[in-house]
Amino acid sequence: MFRIKLDWPLVIGLLMLGFTSLVILWSAGGENPRLIVNQSLRLMVAFAVLILFSQIRPESWSRWAPMIYGAGLVLLVMVLLFGYTGKGAQRWLDLGFMRFQPSEIMKLGVPMMVAWVLARRRLPPSSLNLFSALIVLFLPAFLILEQPDLGTTIMITLSGLVIVFLAGFAWRYIALLGALGLVSMPAVFNMLHPYQQRRILTLFDPWSDPLGGGYHSIQSMIAIGAGGAQGKGWLQGSQSQLEFIPERHTDFIFSVYSEEFGFVGVFMLLLLYTLITARGLYISYNTKDSFLRLLGGSISMTFLFYVFVNVGMVSGMLPVVGVPLPLISYGGTSMVTLMAGFGILMGIHSHQRLMSN
Amino acid sequence: MEQLELKDYLHETKLIQGRLFALGIILILLVLTLMTRVWYLQIYQHEKFDVLSKDNRVRLVAVPPIRGQIYDRKGRVLAENLPIFTLEIVPDQVADMRALLDEVARIVMISPNQLKRFEAALRSRPGFEAHILKLNLSEEEVARFMVNQHRFPGAQVQARLQRSYPYGGELVHVLGYVGRINQREKDSIDPQAYKGTEYIGKLGIEEYYESELLGKVGFEQIETNAHGRPIRTLDRMPAVSGNDLVLNIDAELQVKARQILGDRRGSVIAIEPATGGVLAFVSNPTYDPNKFVNGIDHRSYGELRDDPQRPLLNRALYGRYAPGSTIKQLVALAGLENGWSASQQVSCPGYYQLKGSSHRYRCWTRVGHGPTNLISAIMKSCDVFFYQMANSLGIDKLHDFLGSFGLGSKTGIDLRGEPDGLMPSREWKRRVKGVVWYPGETLITGIGQGFTLATPLQLGVMSATMANRGQRVEPRIINHMVEGAGDGYTAMDFTPVIRENSQVEFNQANFDTILEGMRGVVESPEGTAHYYIGRDKSYSMAGKTGTAQVVNIAQGARYDASKLTEFQKDHALFVAFAPVEEPKIAIAVIVENGGGGSSVAAPIARQIFDYYLAAETNEESASLARVTQPDSGL
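Taken in sequence, the protein lines are chains A and B.
As numbered in this note's numbering, the first sequence has no gaps in its residue numbers, which increase by one up to the final residue, 357.
As numbered in this note's numbering, the second sequence has no gaps in its residue numbers, which increase by one up to the final residue, 991.
The set of hints was computed from the structure by calculation and includes no laboratory data.
Hints should not be assumed to be uniformly reliable.
Claimed, not checked - Straight-line alpha carbon distances no greater than 30 angstroms define the calculated BS3-like cross-link-like pairs of lysine-lysine that follow:
hint : chain 1 : residue 1 : chain 2 : residue 2
1    : B       : 767       : B       : 559
2    : A       : 5         : B       : 371
3    : B       : 767       : A       : 288
4    : B       : 431       : B       : 648
The model shown is predicted, which means the values in this text are computed figures rather than measured ones.
Isolated chain A (complex conformation) (with noise of 0.2 angstroms):
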């Protein structure tokens, strides 16, 4: 018999960033029914999305892993050849309502390879086996980087590197790296060029280029500090309305939301997508099979590095490179992954429930 097999904690969780983005997105969009009818109709495909991939068997990922894999690297190499004889940066697939990009694809293609190469042998990984997944692993990153989308690079790279860390990767070899990263760290500064040392000098004193480098920053800390601690509430932040920030209904959402609703909001927000994470951190541990482990653990904690990163930026600690807040940002791109990700996870833990019974 067929039936649905959802997690329900999980799905509220969504349905809530859902609704999130909606309220706010009306704000900062200057309150245009287009942008809110278009964001809905993404959200119902990312949950139709989400639904069809909760009911696949979770073993046929292993199974797949390699074909979906290696079916996105075809495609990134096919947009990079069509790119440079187009012209005109062919990165997107028009689907009317949304764009999909291929390397979409890869958000999930290759955390799944990654995890199929290491769960293959025995764990943790011998140095050869390693060096095979850094491969899987950065190949289609360097595609990526090429188009050039740095966001994305760093957020697949990031899902990669989470599967090596949950492998075992030793921590003497965590501990030196991060050491040998840190000492390094001038030397590298000095061999940059001149403007890109400015850039990085900007993101830890953005003042000292405030109508440069630093303005999007300031200006998008200045909506967020100005929102203090209950925000101007919702439709009121001068600062947003006023159209400071730029890119203030995609990338910058948080400091509109975070003027309007203050750290009483943020803080609501970052418990959700912490509760969110966690629970697809629970369902990971609870799994009995290393390959959906390895995923799930990696579905989960990239969906909070899109967060750490996005939230890091607005607010002036990171540098800006374009990630999105997740489900939240106007845009249909990721959202569609991120969900089709969730619907993985629920449908590892609706076997995992099935085999306990």
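Once you have looked at the hints, place chain B on chain A.
Same frame as chain A, now just chain B:
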């Protein structure tokens, strides 16, 4: 390998679970980092940022792009952007609005209407935006204001560009116009793309090519003083101008054609047959689009709307008329393609009767034409001949054949909202009227009456298709596009589109026969149009006259009783092309309630041909002269 995994299962589980637990701790650390950061900004430094946000002196200002200009085929400007001075007020920077308005009114004339519009804008748009108080200040007013500017914080004179149509009403039905963005449009456009722009193409070319003409909005970072007055520009991303359009329209020909129509209601479509380029697209009467750019006042609009001549109606595009005899040559061609011979004769006693019916379908001349063959039937427009031919063909063949010349379907012109027209069929009548098709209806379809409806544009395309010997091109108003970005001169050309379904294989000998008949209409002493236009021509010409019984062309008109007779007169039609050997121009003329096609519509076509072909020849010989006599000073 399977064994290996089984052996290490417990160890692996422990390992990964341990790492997942570590991830959980990392998760909490990351979130705490974010919380601390936001707490630092929102609580610890709240006051600093609060002050900053209230005193924010750097703002991003949208720079509207310059809308692309529109030219005719000879490079004459049809739509341009002229600088005007506007008086604008930023309400947020004004302490006492009443006092300011009173003060300003002492130096600049402000009408109650302008005041009302300004106050409406005050209520509906945010206070930090500049609101227009008065458009189009005179130079004197600008000077007076500038001298006193220090007295009016929050008020400023801005130079803006305003769309202007130098030809006034001559081209309004093809160009359309731009106007203020209304609420309905606001809901459907991308607000980002229209930042800083208040105008959008409303009709015609301005509407159809809106995305090309619009350009790309730019941004400036402006530092302002405490009053919000800009001090300097810190950074800018320049706007990209819209693309310029070059049309196939010949503005002088268009003006000439409209002048020839004078104050008669009607349409003229002129098409270059080889390319489908629309040379003239006239609907008369017209109105001045310049009045619409900034919103026309109610009274003027009411006058236009209630005018019994109905100038707002684009007759050339939307007007649907019975084509009358102008389609007889097509019926003749259908006959030839279906087994009739050119020498086959029909006797015309002045009427035609179907077998077993006493109803007499009359020819347009009571005395009849006697024995008539196909060519003279076209020349004399003998109804009885075509009754018989239509009857022998049947409605199904007629429908398909006439349909392949574009009757009853959109022409594909680059204008919005083109109607289909109507080419009736059995299936259509059953669906729409719920009744079967009667044989008598086939007869009157054969002479272009009955249900058949065509737009002037469709007739123009049909005429061009005749000139092309059956090859149907899509009418195209745009010729090419010039990228407005400034650097480089990238042009985009539009190649002629030949309709798939026009590739009907005609027997060219049959076409020769038809064209002989059409030529005879003008050039033979027996032709219906010969008396009016057949003499003293310097070029060959083929045409077909038509006189159509009146059909209401649009809904909702309340006809004045005293004018009833005038509006009940026949429509005069004429389709033609010239020169026959190498057609350069094909035309359709419709004069509403004009009377006879031969006496009213045909002379209009003749005058237009005379003008256009003479101009073409002059240009050719002129350029020839330039080549052969470089020093002649031409």
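Hints violated by the structure (numbers, ascending): 3
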